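A.B. asks: The lines below spell out each chain.
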Amino acid sequence: MGYNLSGKRVWVTGHRGMVGSAVLRALARRGDLEPLTATHAALDLRDRDAVWRWMAQSRPQAVFAIAARLGGIMAHAAMPADFLYDNLMMQANVIHAAHSFGVEKLVFIGSSSAYPKLAAQPLREDSLLTGALEPADEWYAIAKIAGVKLCQAYRRQYGSDFICAMPANVYGPHDNFDLRSGHALPVILRRFHEATERGADAVTLWGTGRPRREFTHADDLADALIFLMQAYSDAAPINVGAGVDTEIRELAAIMREVTGFRGGIVYDTGKPDGPARKLLDSSRLRALGWTPKIALRDGVASLYRWYLENLASVRGAGCAGG
Amino acid sequence: MARYDLAGKRVWVTGHGGLVGSAIARALAARGDVDIVTATRAELDLRDQAAVGRWMARVKPQAVFLGAAKVGGILAYDARPAEFLYDNLMIEANVIHAAHLHDVEKLLFLASGCMYPKFAAQPIHADSLLTGPLEPTNQWYAVAKIAGLKLCQAYRRQYGRDYIVTVPNNLYGPNDSFDLDNGHVLPSLLGKFHEAKLNSAATVTLWGTGTPRREFMHVDDMADALIFIMEHYSEAPQINAGSGRDVEIRELAAVIQDVTGFDGRIVYDGSKPDGPPRKLLDSSRLLALGWQPKVPLREGVAALYRWYLQNAADVRGRAAA
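Protein chains in written order, with this note's numbering: chain A, 1 to 322; chain B, 323 to 643.
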């Protein structure tokens, strides 16, 4: 096994997103390879012919297939066709073109939402397709399942060294803070920030606050993805998680402290909770020798600093910054 | 339920050279009140996103039968998983997305019985989708079909599109693939028996144990059901369309032996994969809407054999007899 990235031309798709930008930063720090990127304006990954042309011209040797259309529960429920179609096309175009142009190694980023809603926790890789999906994000989940199966199919038919990494809730710089389409952690952080600015009495959060989630910092994930590209070569997807889960209420307490908010916390139980618990069993990754480095409190504190520094340009936060 | 009347519509039958598509085109032509549009593979590669978009913009169909698919048998799925998954994903996504962009009024996507879990309770109800592991041998094809089903549901939900999904079971009829490696069970068996008869062989060897039970439907029944469903069904869940009766492979072999007049012995090669033990769809929903199959298995097999004899030189997967 063992694939060495040194000296390779490495394409990072979705490099402006949270995970892609983290991978790009980590690759740049190594300094021993040539990262390749294409902005959305330069290359629409849903466009088969454009992806083909780009691949023919850029000839990457390794690909981090990270680009995806992402959203929160409400966004998935409101725009199922966009999430399903866009993600299916992006991944199929990149994976098929990677095969066609002889890419040596590809890491596809799946998602823990591809696992069944009621799968035993912590979630093992072999629970894939053993039961019903969470309906709230099944559209995204189906796309990710198809992506996992594409990687396995090209490996099986052509011997392509394409692997799948399955992260859980990832957070970090360039996260989506949009109140409607964003992820739980950045959205909650923003609510606390805005409540603090307004001197509000209370912050209202969706759901009961009881669901447990595993939060993995994007820099940890990027580190793990680069590790896996070099150390893992198997058809089975591999989980990438921090290994601990936290109740939303606990997370809220950390946020309250980090933002300095002095009011109360109210839970709007009329809003959906999503799955009760989502913790990945990342023991296979641990056994390969990788461990996370960023504790949740440190990660949230650094994300808050990043948010304050980037208020004007943060995704979904608007110009005024609340 | 809102009825959709096909009369006077421009109807695109995808895959019209194939087993199902050709049957739909025949049935629509027999009606005589619709404008059937088709494109050969040379004219339009359905995997080509831009080409599908251009074709749809130019032809502007009002209704689409999306039966086109890359299909094979158990060994073919096992040997070429990437082709079966990628090609089918692209065919579905391109046609369904372009249908939405160009305001196709009604689209019927033909899924597959293999998208249900391997151990789904029999007969298989629509609700069993995604409740358990797939049959590994054809999971690539199954995942593509599940994605197509979800695309139809997603465009219905987000854009109010009247795109529906029908699940057939094993189909047989004219224009099927008789290829011994890549074909379907029934035509493969028919081809084997015919060849054995011509060669005066002492035995015919069949794959597996012969004990799996399968539901077969003649493709003319399927076409009739699909047209009925397009006009009478408009809901998000997929609707099963089976004949309602399953037979053991051994029973089927006896029918084929009889029809072809082969007088040797049948041997089962238990080292070859069987596939799922039983696959019978619960088609009660379709029957409740008022549709009934019309072609009994024995008559269907006899008709297929007559067609095979008349067309043997042109049959897919078989050199001139």
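What the hints contain is simulated information worked out from the structure, not anything from laboratory work.
It should be emphasised that the depicted structure is a prediction, and the values quoted were computed from it without experimental measurement.
Idealized CB from N, CA, C, for every residue including glycine.
Treat each hint with caution, since some may be false.
Heads up, incomplete: computed chain B residues facing chain A, CB under 8 Å, no partners named [claimed, not checked]: (1) Gln371; (2) Ala372; (3) Lys392; (4) Ile396; (5) Ala398; (6) Arg402; (7) Tyr408; (8) Pro455; (9) Leu456; (10) Thr459; (11) Ala469; (12) Leu473; (13) Arg479; (14) Gly482; (15) Gln614.
Here are the simulated distance ranges between beta carbons [to be verified]: (16) A:Val244 - B:Val381: 50 to 60 Å; (17) A:Arg180 - B:Lys616: 30 to 40 Å; (18) A:Arg156 - B:Val589: 23 to 33 Å.
A.B. asks: With reference to the structure, classify each hint as holding or not holding.
C.D. replies: So, going through the hints one by one against the coordinates:
Checking Gln371 of chain B against chain A by beta carbon gives a least distance of about 5 Å; that is within 8 Å, so the hint holds. Look at Ala372 of chain B: its Cβ gets to within about 6 Å of chain A, closer than 8 Å, so that hint holds up. Below 8 Å, beta-carbon pairs count as interface contacts, and Lys392 of chain B has none with chain A, the closest being about 13 Å; its hint is therefore violated. Using the Cβ-Cβ criterion of 8 Å, the hint placing Ile396 of chain B at the interface with chain A is not satisfied: the shortest such distance is roughly 15 Å.
Interface hint status for Ala398 of chain B: violated, as the beta-carbon distance to the closest one in chain A is roughly 11 Å, over 8 Å. A least Cβ separation of about 6 Å between Arg402 of chain B and chain A falls short of the 8 Å threshold, and the interface hint therefore holds. A hinted interface residue such as Tyr408 of chain B counts as satisfied when its beta carbon comes closer than 8 Å to some beta carbon of chain A; here the least separation is about 6 Å, so the hint holds. At about 6 Å, the closest approach between the beta carbon of Pro455 of chain B and any beta carbon in chain A falls short of 8 Å, and the interface hint on this residue holds.
Hint status for Leu456 of chain B relative to chain A: holds, with the closest Cβ pair at about 6 Å, below 8 Å. For the restraint placing Thr459 of chain B at the interface with chain A, the shortest Cβ-Cβ distance is roughly 12 Å, beyond the 8 Å limit, so the hint is violated. Proximity of Ala469 of chain B to chain A holds as hinted, the smallest CB-CB distance being about 5 Å (cut-off 8 Å). Below 8 Å, beta-carbon pairs count as interface contacts, and Leu473 of chain B has one with chain A at about 6 Å; its hint therefore holds.
With a cut of 8 Å, the hint placing Arg479 of chain B at the interface with chain A holds, because the nearest CB-to-CB distance is about 5 Å. The interface hint given for Gly482 of chain B is violated, since its Cβ lies 11 Å from the closest Cβ of chain A, which is over the 8 Å cut-off. A distance limit of 8 Å between C-beta atoms decides the matter here; for Gln614 of chain B the minimum to chain A is near 32 Å, and the interface restraint is violated. Look at Val244 of chain A against Val381 of chain B: about 56 Å separates their beta carbons, and that is inside 50 to 60 Å.
Under the hint 30 to 40 Å, the C-beta atoms of Arg180 of chain A and Lys616 of chain B, about 52 Å apart, miss the expected range. At about 31 Å, the beta-carbon gap between Arg156 of chain A and Val589 of chain B stays in the expected band of 23 to 33 Å.
Hint compliance for this structure: hints 3, 4, 5, 10, 14, 15 and 17 are broken, all remaining hints hold.
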